[in-house]
Amino acid sequence: MKRTHNATGLEVKDVGVQVVLNGWVDSRRDHGGLIFIDLRDRSGLIQVVFSPEVNQDAFHLAEQVRSEYVVAVQGKVSLRPADTENPNLKTGKIEIYVQKMEIMNTAKTPPFYIEDGIDVDENLRLKYRYLDLRRGEMRENLMLRHRVVKTMRDFLDSRGFLEIETPMLTKSSPEGARDYLVPSRVHHGEFFALPQSPQIFKQLLMVAGMEKYFQVARCFRDEDLRADRQPEFTQLDIEMSFIDEEDIMGLMEEMMALIFKVGINRDINIPFPRLSYDEAMKKYGSDAPDLRFGLEIVDLTEIMAQSQFQVFSSAIQAGGVVRAINAKGCASFKRREIDQLGQLAIDYGAKGMAWIVVSEKELKSPITKFLKAQEIEEIMSALDAQPGDLILFAADKQEIVSRVLGFLRMELARRLDLIDKDELNFMWIYDFPLFEYDQEEGRYVAVHHMFTSPRLSDLDRLDNNPEGIKARAYDLVLNGTEIGGGSIRIHQREWQEKVFSLLGMSFEEVRDKFGYMLDAFEYGTPPHGGIAFGIDRLAMIMGGRSSIRDVIAFPKTQSASCPLTNAPSAVSNKQLRELAIKIREK
RNA sequence: GGAGCCGUGGUGGAGUGGUUACCAUGCCGGCCUGUCAAGCCGGAGGUCGUGGGUUCAAAUCCCAUCGGCUUCGCCA
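Number 465 in numbering that gives the first Met the number 0 belongs to position 466 of the first sequence; there are no gaps in the numbering.
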């Protein structure tokens, strides 16, 4: 019995039609003389009814059916009797009176409920992922993801982009994340790396004259996992020739508007607002700020520069800053809560967290006794402090202060429930620094990546003055999450060599790792640039999920393993011998 | 590498040293012709993650270890 319709493809106007449905038994309600089954297929649910008056054989077969059995039913679409309609079902006004049923397969009782909103150990869900994905919400997530990717492909195709694949087995390169390595059987002792991104290949495609490229590209980074980070993830990777920042940002805004319309039927306003990196860090303590709420950070460095309060003034003298955040209406926080925030600040790298509780009559604070009345007044005024407010301070190097107050800002928003879950807050962050100094490595490292072009006006500083050079890079931020980022690239061999050199790479290393790319740049490389979006993160936000795992069919656990297949696993000695690999004892 | 939370019938939870480990749900059987969280009656189902220790006695206290989740570092 082959299906004639999908479960939710039927509606009131189909009443009287003979249909065959195939699907799974979602639930069975046996009334003795009458049996109801909710039949589920990919489209959703419909109720089918078994009555001995309609067909004895089908009725008795239905008595034996259990959850998750795979069945085929044949019957007539009928209107439900009055007062038995189910408004919770799309097909709640109709039902199928079954004349014939076939059990296509039986099923063991599943280890968890096949329904939305379950609270089950995630390990179990992943071990039985094929059952987890039967749940409506998970099916919806994958369908949403499909619509998003389909829309991306269609949109880019309509704008003249070519989808081109690049190698998965490629060359390990320095910088960036830890590589996943694949041993070469043919070349003992040598390894491929799985791509962290198709960056160099897409630039070579520009050299090759493809002009407009995209790829839905799997990327691999062997770093620790998070709720929004998997070791393998998917990027929409894009590159174009003969363009500038505005071309890419404008095009991507159009694409985003379409994706959100098709994906979740939301209209978003374009163009997106833009915020410079410096301003984002200063006001929000993050290069991916969440602007769905206020709680701006206020700089007090000037006010405090001459202060007698050593904690503040010595931080400033050491080149640092003093900044604060006004937790509006939080004067009611208990001392224990404030101390808890202070501990969190310390966890994020602060040496401590000063605070002032502003009440009607007085200021409660461990630090006001060190401050002059004039200074306190200026602080209150700068932060627009009113009775009932709580002010939190951080004093340290700028990067630490930003990180700490950026975190406290988010934490306060969560505690005060300031975030509107339905809002979609997009913004571009631009004017990133090209380099930052890495204390541990004792050298500069690229903030974006090492192929990013410096601002043209900063080009001459590549020789001897890298501090403060701005990059032609841009990130797209949605609700405090970086969902994409890109840049205009370097397309001149000479500039690229200077960047490599500034990053501390020797002539030999550059030749070995990137010689092929520099060679390519000598054969007429067009100016080019691009962007890449994290499809998993985008789908996660669009689906309103809190973990990227919910929009990936077969994700890894936090320890980067797969409970379903038990990967990774040991391999045979024969396999190891072929690869000339010996496993060392710990 | 660090921090936090969690691990008890299939599932989710309760159980702070002492009878036969409790509840809900699911599962199995019976009854039941309008349910959709169906209902009523009955039943089965447990190495309390694992290993060690303390104790007359451990799900419970201690140590170690494994696993899951969150997070800092890390993620050009």
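Incorrect hints may appear among the rest.
To be verified - Label-pair restraints from in silico Cβ distances: (1) E164 <-> K333: 54 to 64 Å; (2) A176 <-> Y129: 24 to 34 Å; (3) D243 <-> K350: 10 to 20 Å; (4) Y522 <-> I117: 18 to 28 Å; (5) K170 <-> S26: 28 to 38 Å.
Honestly, the hints are just simulated from the structure, not real lab data. The beta-carbon is built from N, C-alpha and C at its ideal position, and this holds for glycine as well.
Let me make sure I understand: some of the numbered hints might not hold for this structure. Which ones are they, in numerical order? Those not satisfied are hints 3, 4 and 5.
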